[in-house]
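S.K.: Protein chains in written order, with my numbering: chain W, 1 to 90; chain B, 1 to 198; chain V, 1 to 544.
These are calculated hints, taken from the structure and not from any lab test.
Treat the hints with care, as some may be off.
[To be verified] Some chain W residues close to chain B (C-beta under 7 Å, calculated; not the full set):
#, residue
1, L9
2, L16
3, L19
4, S27
5, K46
6, L69
For clarity, every value in this text was computed on a predicted model and none was experimentally measured.
Cβ coordinates follow ideal geometry from the N, Cα and C atoms, glycine included.
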Amino acid sequence: MHIASYGRLLGILVALVALTGVTVAASYVDLGAFNVWVALAIASTKASLVLIFFMHIGVEGRLVVLSFLGTIFFLSIMIGFTFWDVAFRG
Amino acid sequence: MRRAADHQGTRLGMWLFLYTEIVLFGGLFVLYAVYLSTYSSDFIEGGKSLSRLFGAANTLILLISSFAVAASITAVQKTQKKRSLLCLAVAICCGLLFLMNKYFEWGHKIHADIYPGSETLAYGAPGRNIFFGLYYVMTGLHGLHIVIGMTLLSVALVLTARERVTAENHVLLENVGLYWHLVDLIWIFIFPLFYLVL
Amino acid sequence: MEKVPSFFDTPSPPRYSGVLSWLITTDHKRIGLMYLWVILFWFVVAMFLGGVMRLELMFRGETLMGPSSYNALFTLHGVIMIFLFIIPGIPAIFGNFFLPIQIGTDDVFFPRLNLFSWYLYVAGGGLALATLFIGGPPDTGWTFYVPFSVGTHSNVSTAVFAAFVLGMASMMTGINFVTTIHRMRHEKMGWFQMPLFTWSLYATSWVQILATPVVSITLLLIIAERFLGVGLFDPAKGGDPILYQHLFWMYSHPAVYIMILPGMGVISEILPVFARKPIFGYKAIVFSSLAIAIAGSLVWAHHMYTSGMSDTAVFVFSLLTFIVAIPSAIKVFSWVATLYKGSVLMTPPLFFALCFIYLFSVGGLTGLVLGAAGTDIHVHDTHFVVAHFHFTMFGGTGFAFFAALHHWWPKMFGRMYHFKRAYWAAVFITFGFLLHYVPMFVIGLQGMPRRYYDYVAEFETGNFVAGFGAAFMLVGLVLMLGNLMVSLRQGAVAASDPWGGTTLEWTIPSPPPLHNFIKEPEVLDYPYDFTQVLKTRRDDVEVS
Numbered sequence: 001m002h003i004a005s006y007g008r009l010l011g012i013l014v015a016l017v018a019l020t021g022v023t024v025a026a027s028y029v030d031l032g033a034f035n036v037w038v039a040l041a042i043a044s045t046k047a048s049l050v051l052i053f054f055m056h057i058g059v060e061g062r063l064v065v066l067s068f069l070g071t072i073f074f075l076s077i078m079i080g081f082t083f084w085d086v087a088f089r090g
Numbered sequence: 001m002r003r004a005a006d007h008q009g010t011r012l013g014m015w016l017f018l019y020t021e022i023v024l025f026g027g028l029f030v031l032y033a034v035y036l037s038t039y040s041s042d043f044i045e046g047g048k049s050l051s052r053l054f055g056a057a058n059t060l061i062l063l064i065s066s067f068a069v070a071a072s073i074t075a076v077q078k079t080q081k082k083r084s085l086l087c088l089a090v091a092i093c094c095g096l097l098f099l100m101n102k103y104f105e106w107g108h109k110i111h112a113d114i115y116p117g118s119e120t121l122a123y124g125a126p127g128r129n130i131f132f133g134l135y136y137v138m139t140g141l142h143g144l145h146i147v148i149g150m151t152l153l154s155v156a157l158v159l160t161a162r163e164r165v166t167a168e169n170h171v172l173l174e175n176v177g178l179y180w181h182l183v184d185l186i187w188i189f190i191f192p193l194f195y196l197v198l
Numbered sequence: 001m002e003k004v005p006s007f008f009d010t011p012s013p014p015r016y017s018g019v020l021s022w023l024i025t026t027d028h029k030r031i032g033l034m035y036l037w038v039i040l041f042w043f044v045v046a047m048f049l050g051g052v053m054r055l056e057l058m059f060r061g062e063t064l065m066g067p068s069s070y071n072a073l074f075t076l077h078g079v080i081m082i083f084l085f086i087i088p089g090i091p092a093i094f095g096n097f098f099l100p101i102q103i104g105t106d107d108v109f110f111p112r113l114n115l116f117s118w119y120l121y122v123a124g125g126g127l128a129l130a131t132l133f134i135g136g137p138p139d140t141g142w143t144f145y146v147p148f149s150v151g152t153h154s155n156v157s158t159a160v161f162a163a164f165v166l167g168m169a170s171m172m173t174g175i176n177f178v179t180t181i182h183r184m185r186h187e188k189m190g191w192f193q194m195p196l197f198t199w200s201l202y203a204t205s206w207v208q209i210l211a212t213p214v215v216s217i218t219l220l221l222i223i224a225e226r227f228l229g230v231g232l233f234d235p236a237k238g239g240d241p242i243l244y245q246h247l248f249w250m251y252s253h254p255a256v257y258i259m260i261l262p263g264m265g266v267i268s269e270i271l272p273v274f275a276r277k278p279i280f281g282y283k284a285i286v287f288s289s290l291a292i293a294i295a296g297s298l299v300w301a302h303h304m305y306t307s308g309m310s311d312t313a314v315f316v317f318s319l320l321t322f323i324v325a326i327p328s329a330i331k332v333f334s335w336v337a338t339l340y341k342g343s344v345l346m347t348p349p350l351f352f353a354l355c356f357i358y359l360f361s362v363g364g365l366t367g368l369v370l371g372a373a374g375t376d377i378h379v380h381d382t383h384f385v386v387a388h389f390h391f392t393m394f395g396g397t398g399f400a401f402f403a404a405l406h407h408w409w410p411k412m413f414g415r416m417y418h419f420k421r422a423y424w425a426a427v428f429i430t431f432g433f434l435l436h437y438v439p440m441f442v443i444g445l446q447g448m449p450r451r452y453y454d455y456v457a458e459f460e461t462g463n464f465v466a467g468f469g470a471a472f473m474l475v476g477l478v479l480m481l482g483n484l485m486v487s488l489r490q491g492a493v494a495a496s497d498p499w500g501g502t503t504l505e506w507t508i509p510s511p512p513p514l515h516n517f518i519k520e521p522e523v524l525d526y527p528y529d530f531t532q533v534l535k536t537r538r539d540d541v542e543v544s
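The shape of chain W in the complex, shown without the other chains:
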């Protein structure tokens, strides 16, 4: 059985709170078109921490990791391919 120690969980919580601070701080810096991407990158980092350390996705094995990535891939297709239309409207 996989048991996560309290210390490690607490450490992750601290990291998550710190990253929340980072993303709020970053929002005060205007990077133009990159604003969204920076925000998404930080959010993805936080999400990865939750997935790995709180949800123990690694313990579940290859199938769950791969299918999770597949879901995210499908989601990015949904968003990305819509832009074949939206980004090219005359």
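Following the hints, position chains B and V against chain W.
M.R.: Leaving out everything else, chains B and V in the frame of chain W:
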């Protein structure tokens, strides 16, 4: 019966269910992405009019609750029943706090005549209407998930108290935890996209 | 084989009997049969709705009904056929019944969730029925396109909610099947020893899990628009109606593969049995199923060439659409190659399967006409489209469903039906089918739009002829279903392996016992190994 003891299989089922939840919100993120590219300036305006303090506070609340749920699983595994009950109670309270914040936030906006179908939005800039339309739909659906998650956490709390969730058999608590973490994950994305767009 | 009580005689849970032993059962076989009866009910309802529409179209002007009733009729026909028949048809009935057996286990992974899905399905059907009586039946077509679906006064909200509930049932089934295949496969059964029907269900389940939620949220948004007027799809409020179509087809295009993949699985199961020959290209069929599931998710906007989306998108999606044709063609070639030099034993299931191959190929090839942007603009929203998707959905999935019924009927009920009547029914259905839908291709090319209750004089002949085709089809369908029903009382008792199949369901008694296997199942190294069958079996059907 292999099935009875196959906790990994039960968790697999839960993960598959979580994928459906991710894609459910995914449809709304498609709309968000398209409208952000169409109405960038209105979205920035809209984002500035939301309270960052409330948003950040709610983010912290959900992060703490996620930690509490993860800790409660550790506690159950270590047969520390009281501690696990305490953790679950903290998580439920966090959920409640989150909803209270949401209530004040929404109330404030509705008071300012900003809600779906309100005159201010209907006759204002189209992009502004879309921003707040998405804001209400997405945070509303997320709020609904918080309510469902709190219900599930309460069930887990009762079953832990009655020792139906034990160190040997706590897959139910794990699955409830997975659900709650997912609700947190979605908020992790909603927060910067609505409150922090610059 | 020694006599063991079948699952009909041993309810699970054991303490209940009568109707209750069905309504609260967790036995996958009983749930499969409960699906069978409800789905057949809906099929017959929608079949008659279709018949009435055809009657209206046989003559110009108002024959039976006015435009608004006709609008309600085609909407209900579409909603019922798609959400209540084709999507759940093969997976929920035959998947539930045979998936656990084919992989050598005693039930699905989440038996109670399985029963819950059935109740969701029934509730969804009930809601769809309720729209008839509260607030006027919906008149939007099954696609529920905005802005009409938001503005119309008919009862769209209930219909949309019904589709939402049915989507949940479909997702739950998908989750259950994926988990079952991963966690409960017999220890000795590797991935490439799995029967192709199970493989096709595996691919389908993934599409159900990943695509269905998109339509769930889209339908919820329609309800939100109707009650709150958010304006997310309303141009006057800054919304974009084309985005609705994107979201809708993000699910509904993958959904056509939810409909066809299990049908393809059925055909891949039937052909080797009656050709007495290993299926040609087992791995090619497996990978083409997966390829269809993946590529099918990339092409949704080919339903939208004339919607006003960008030309770049039209180009890209048209290109991608042609890619989907490849794996489908791989399957058709493999099926035909399986029959080549086989020792073919003609039976009703094989007859239906052969009709499937022909009709589905026509459907697929006319799909290319629609997938190419240039030609699509000419025939978009005409009867050509109607004929095309009936060739794939009805000629494809429908015929696969009939083939599956005839293939597995003796296993499910332990009774054999009357062969001659089954052949006659199949001939009637196929002949009527062609007479019905081929004229539609013609009048479609001539420009007759779909979803109109009336038309101009040029289209008279085609519509008149199609009416007779519909009549033939109806006669055939009634004959087919009647023949099956009669067999339950009068049919000869079926042997455990009437056809000479090699997959695990043919190694157990008909109908199967409660826990499926009396002794440890013997998994073949290759699921379609007919050496034993060819040695021991004469070239005919075995009746006990």
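S.K.: Now, for every hint given, state plainly whether the structure supports it.
M.R.: Hints, verified against the model:
no.: 1; hint: L9; result: holds, 5 Å
no.: 2; hint: L16; result: holds, 5 Å
no.: 3; hint: L19; result: violated, 9 Å
no.: 4; hint: S27; result: holds, 4 Å
no.: 5; hint: K46; result: holds, 5 Å
no.: 6; hint: L69; result: violated, 11 Å
Checked against the numbered hints given earlier, the structure breaks hints 3 and 6 and satisfies all the rest.
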